[in-house]
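S.K.: So the sequence lines, in the order shown, correspond to chains H and X. Under our numbering, the final residue of the first sequence carries the number 267; numbering is consecutive throughout. Under our numbering, the final residue of the second sequence carries the number 476; numbering is consecutive throughout.
By construction, these hints were calculated from the structure, which means they are not laboratory data. Predicted, not measured: the structure shown is a model, and the values here were computed from it. Each statement offered as a hint is correct.
For the chain X half of the interface with chain H, some residues (derived, Cβ under 7 Å), not all of them: (1) Asp322; (2) Leu323; (3) Gly342; (4) His343; (5) Arg346; (6) Gln347; (7) Met351; (8) Gln357; (9) Trp359; (10) His408.
Where is the CB? At the ideal position from N, CA and C, for every residue including glycine.
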Amino acid sequence: MQLIDLAWWQLALAAGLVLALAVCTQLARLDIGKTMLVAAVRTVVQLSLIGLVLEALFSVAALPWITLMAVVMLLMAGREVTARQKRRLTGGWAFGIGTLSMFISAFSVTVLTLVAIIGPEPWYAPQYAIPLLGMMLGNTMTGIAVGLDRLTDAVWRQRALIENRLMLGHRWQEAIGEARRDAMRSGMIPIINGMAAAGIVSLPGMMTGQILAGAAPTLAVKYQILIMFTITVGTGFGTLAAVLAASRRLFDERERLRLDRLSAPPK
Amino acid sequence: MKPDTQADAPAALRAQALSVGALSAIDFTIEPGCILALSGPSGSGKSRLLRALADLDPHDGSVALGELTQTGVTGHRWRQTVMMVPADSQWWADTVGEHFPAGAPNDLDTLGFGPEVMDWQVSRLSSGEKQRLALLRAVAHQPRALLLDEPTANLDPDTTAIVEAWLTGLARHHRWPVLWVAHDPAQIQRVANAHLRIAGKQLEAVPCS
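Next up, chain H with everything else stripped away, as it sits in the complex (with noise of 0.2 Å):
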């Protein structure tokens, strides 16, 4: 079986409900027509330009423009993670610890993937290590993002219960510990839930994919539990060691909590 190709004008159809949809929130006066026909320029234009950079990535397929297009992903996930924080560290600390999490949890996991696991040949080959990185680095980025903002939020509201367990003598690790470990729970909680309700609720996306592509549905699915696991292991530990950055920073060598480090949250 071969994929059915599409043509623009199929695509444009689809465009046309878009437009319809916009056309009736703007009736019902809900104020997010414009927004979302942005938005869906944005997909067009986003989507496109990264096909034309797959397109020649994989026909190039050295390792120098995979490592590139790789860092571009990474730096843009890292962005996304800052911008995600209604309260960030400040002095470029939210996006470095956002940033070297995801490098060290996303990158070794997908490389680990590629070379251990899958092993296509040469281990980079693009078609297999773009994609792949593109999964692990969305969900590590969600987990990230949302444990961190968990986390600085609980510190702003408990400032005074944490600063009377300092008081008491505790060390720093002890004194915000229920936050901390509050953050991380909330980081891989819906990787969990994805696992658990995979399959029965949701048809995940990368399976759907395959199938529609024509490759037989167990093998889609042998895929897809790698998928999972795979991003859970990079979620998970992208998530521990940015949180417990975080944490850190959150503190000064003397153990003083240290909000003035926290941008104060954007209008």
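Given chain H, put chain X in place with the hints provided.
M.R.: Frame of chain H; chain X shown alone:
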């Protein structure tokens, strides 16, 4: 009171050239077993000063308890030794007992509690109960100096008298230096050996009769 298990000898709390917030170049010494009252209008920096002494805020100048300097030990060790009790105490666990080091603390009955208080729900404590339990909790962590931020603010006159007598007794028995933030001149007369008032950027001594 239980026998003094601490090997550390009583020591004076000394601040030198301490600057924090609006206050600058503050010097004072609290001798062992003495209570220094600190007063001043609200917003004048009393709590900031206490927080600097407990090393909760960055500050200039040096603080020492006898031979032990603030920067010579880790932050948590210093704060366990020079214990600050805030005006508004915080409770993180469900029951009172979980906030105390193992075993029921001393002096529960002195402050009007029975041993069953350790099983009480924190959410049902009144502000006065919280304040007395916060003092008991601080003392149970075996400090060697106390920084008290309005320790009787939420208490009725009778309970205030009990707490004052208990705290002054503790300071004298353990030879702890105590800094006591207070508003009420009568209370300062009753408990303090010395009295400093915040005047602008400085502290000025007020004679204690």
